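Undergrad: One-letter residues, chain by chain:
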Amino acid sequence: EAGVAQSPRYKIIEKRQSVAFWCNPISGHATLYWYQQILGQGPKLLIQFQNNGVVDDSQLPKDRFSAERLKGVDSTLKIQPAKLEDSAVYLCASSLVWGQLNTEAFFGQGTRLTVV
Amino acid sequence: KQEVTQIPAALSVPEGENLVLNCSFTDSAIYNLQWFRQDPGKGLTSLLLIQSSQREQTSGRLNASLDKSSGRSTLYIAASQPGDSATYLCAVRNNYGQNFVFGPGTRLSVLP
Chain A
1 EAGVAQSPRY KIIEKRQSVA FWCNPISGHA TLYWYQQILG QGPKLLIQFQ NNGVVDDSQL
61 PKDRFSAERL KGVDSTLKIQ PAKLEDSAVY LCASSLVWGQ LNTEAFFGQG TRLTVV
Chain B
117 KQEVTQIPAA LSVPEGENLV LNCSFTDSAI YNLQWFRQDP GKGLTSLLLI QSSQREQTSG
177 RLNASLDKSS GRSTLYIAAS QPGDSATYLC AVRNNYGQNF VFGPGTRLSV LP
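As you go down the protein sequences, you meet chains A and B in turn. According to our numbering, the stretch in the first sequence is residues 1 to 116, in order. According to our numbering, the stretch in the second sequence is residues 117 to 228, in order.
By construction, these hints were calculated from the structure, which means they are not laboratory data. Watch out, some of these pointers could steer you wrong.
To be verified - Reference excerpt, derived from the structure (chain A facing chain B, CB under 8 Å, subset only): (1) 43; (2) 91; (3) 107; (4) 108.
As the list claims (entries may be wrong) - SDA-like mimics (lysine to any residue), calculated; alpha carbons at most 20 Å apart, straight line: (5) B:117 to A:41; (6) A:44 to B:135; (7) B:184 to A:103; (8) B:158 to A:83; (9) A:78 to A:54; (10) A:44 to B:155; (11) A:44 to B:125.
On a predicted model such as this, the values are computed, not experimentally measured, just so you know. By construction, the Cβ of each residue, glycine as well, lies at the ideal position given by its N, Cα and C atoms.
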């Protein structure tokens, strides 16, 4: 079974530039998450989708971050314009629909963003 | 608001030792709890998932326990090996929400 795919693996940009990350979840997983992990901390949820609908985006800095999952499968996360404090690893995860018996979450390898 | 803490923040042990990692959460109304491993520069690998109705789960040398009423989970690693060196994260999913709240992790070093 293929895992969660993310690209790119690494990205270096200058502040005020824009950047986009892509995620393809495990086939059949309706729930998709984007997390931000700053060095030395645990991941923090940015946004959660169920199919193509947003379940929780309360911690997403909406003035600069946006995310979409148009067809309910893969997803993109965009930052525009980037700030120095956005330097982090961006993790995508997927799971079966909440409420089903096994809602184990599976994570991709992450995208390491460095803003200079 | 759910908060998750992990103790210790870092741990260094000689190879072969049995060890325990601790995870505490403030809201006992959880749906499940999941332990992850993270190697430097990598994503998260799922180790064990414990549903709220379960007391423990085992996989190989790993055993995770859950005490919902006291807001605690422990991850027991038997006969530690250098390859176990990584950061271990616990994450809880609440009954009323669907996303995971993570602890800060425990950084484990197993010395040969």
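Undergrad: For which of the previously enumerated hints does the structure constitute a violation, in increasing order of number?
TA: 6, 8
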